[in-house]
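Chemist: For the protein sequence lines, the chains are A and B, in the order given.
Position 2, counted from 1, in the first sequence is what full-length UniProt numbering calls 2; the numbers after and before it change by one each time, with no gaps.
Position 150, counted from 1, in the second sequence is what full-length UniProt numbering calls 150; the numbers after and before it change by one each time, with no gaps.
Be a bit skeptical, because a hint or two may be false.
No copy is singled out in the list; a pair is fine if it fits within one copy or between any two copies.
[To be verified] Using 20 Å as the maximum straight-line C-alpha spacing, the simulated EDC-like pairs for lysine to aspartate or glutamate come out as follows:
(1) Lys148 <-> Glu199
(2) Lys125 <-> Asp180
(3) Lys47 <-> Asp24
(4) Lys38 <-> Asp24
If you're looking for bench data, these hints aren't it; they were derived computationally from the structure.
The residues making up each chain are set out below.
Number of protein chains: 2
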Amino acid sequence: MDTQAASTEQGRRTRDAIVEAAADLMYRNGVAATSVDKVLNACGAGKSQMYHYFKNKDQLVDAVIDLFLERILANQPNIKDLRTFADFDHWAETVLDIHRGPLGPLACPLGNVAGELGDDEHMAKLLDKAYTQWESYLANGIVSLRDKGEVRADTDAGRVAQTMMACLQGGLLLGHLRRDLTPIQDSLAVALTHLRGFEATAS
Amino acid sequence: MDTQAASTEQGRRTRDAIVEAAADLMYRNGVAATSVDKVLNACGAGKSQMYHYFKNKDQLVDAVIDLFLERILANQPNIKDLRTFADFDHWAETVLDIHRGPLGPLACPLGNVAGELGDDEHMAKLLDKAYTQWESYLANGIVSLRDKGEVRADTDAGRVAQTMMACLQGGLLLGHLRRDLTPIQDSLAVALTHLRGFEATAS
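Kindly generate the complete structure, drawing on both the sequences and the hints.
Modeler: Pasting the structure below:
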């Protein structure tokens, strides 16, 4: 490895370490309670390294939200390949499995940030982008069903995906709070029923 | 008014001022970011007054959660008198009206606190209690429908109420984030459809 590549690789690792430390602290304590100093303390990086990669805390939060979404999607890989109603059922099972562990049900990291929003327009935009991307996989699946004529031609894929996400988010909120899988189970079932409500009927 | 009564009245007002200042700050900035010092600064009360009414910040948070719930219920008074399917529809309209204003859709103050939970078991219990009380009005309405034979006899009122609350919470989260009433509208519609799914059919 030449020096340039090594330094780039090293730089990437430093940047990742900063974002991962920030993500960990922000997941546990919230965005507001996580100062840049605490992040640097946790990962052993210096201020000059931080400000080499991120202009300010906002940019770091941006990277943390990207990482949260990346991890969420990595945990439910089949969301990227929804084509049939059965695929949606399997996806819901995958989501439930994530929350079945001894530490579950877990809080949704994006939902946590949403709870901190207040009137922060910048953070609202970042979160909107992340949720829209997450929902886009559901919407793609709905478009796929629509293309095959399995849901009605007038089905608004983005809007149905948004409603399904709302169900999931509310289920996660109450499920985590109550340490109970039932709210997640029930609200995912409601989301799937909502989708089935658009099923094209043979006429 | 005798001195005792005056001092009690004055005391109640001081306590209320502390709780209201804390509620305001916690709604805007979160629980973690709201120190007792900031609360006292905002309402002009002293530390000795604070610790006369509240043993610690936890007890203050407890009172704030009570106040959040009280305000939520005051904004949707018809939730306390749900007897028919139409009553549920009117309740949903009332909720939508709250979020139709120029500042809406608003974040749910309880949902915000839930986003901050982490593994704080104490706060989880307080929030669970508040949500359970909120849901109990929906559950009472479902019991009322069940007593009249309008929903099936095996309908689990508490569980249906919980699922309806999950829908509402997720809708509020996305609605506030996107400054759009649609997610709240759609997820309340899904909640009402879920309830209608238990409708007793003439046999």
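Chemist: Reference check for the pair Lys148 and Glu199, CA-CA at most 20 Å: within, between, both, or neither?
Modeler: The answer is within: 11 Å in one copy meets 20 Å, while 32 Å across copies does not.
Chemist: Give the relationship of Lys38 and Asp24 under a CA distance limit of 20 Å: within one copy only, between copies only, both, or neither.
Modeler: within (11 Å within a copy, 27 Å between copies)
Chemist: I want to check one pair: Lys125 and Asp180. Are their C-alpha atoms no more than 20 Å apart within a copy, between two copies, both, or neither?
Modeler: between (31 Å within a copy, 13 Å between copies)
Chemist: Give the relationship of Lys47 and Asp24 under a CA distance limit of 20 Å: within one copy only, between copies only, both, or neither.
Modeler: For Lys47 and Asp24, only the intra-copy Cα distance (18 Å) is at most 20 Å; the inter-copy one is 34 Å.
The earlier numbered hints are all upheld by this structure, with none contradicted.
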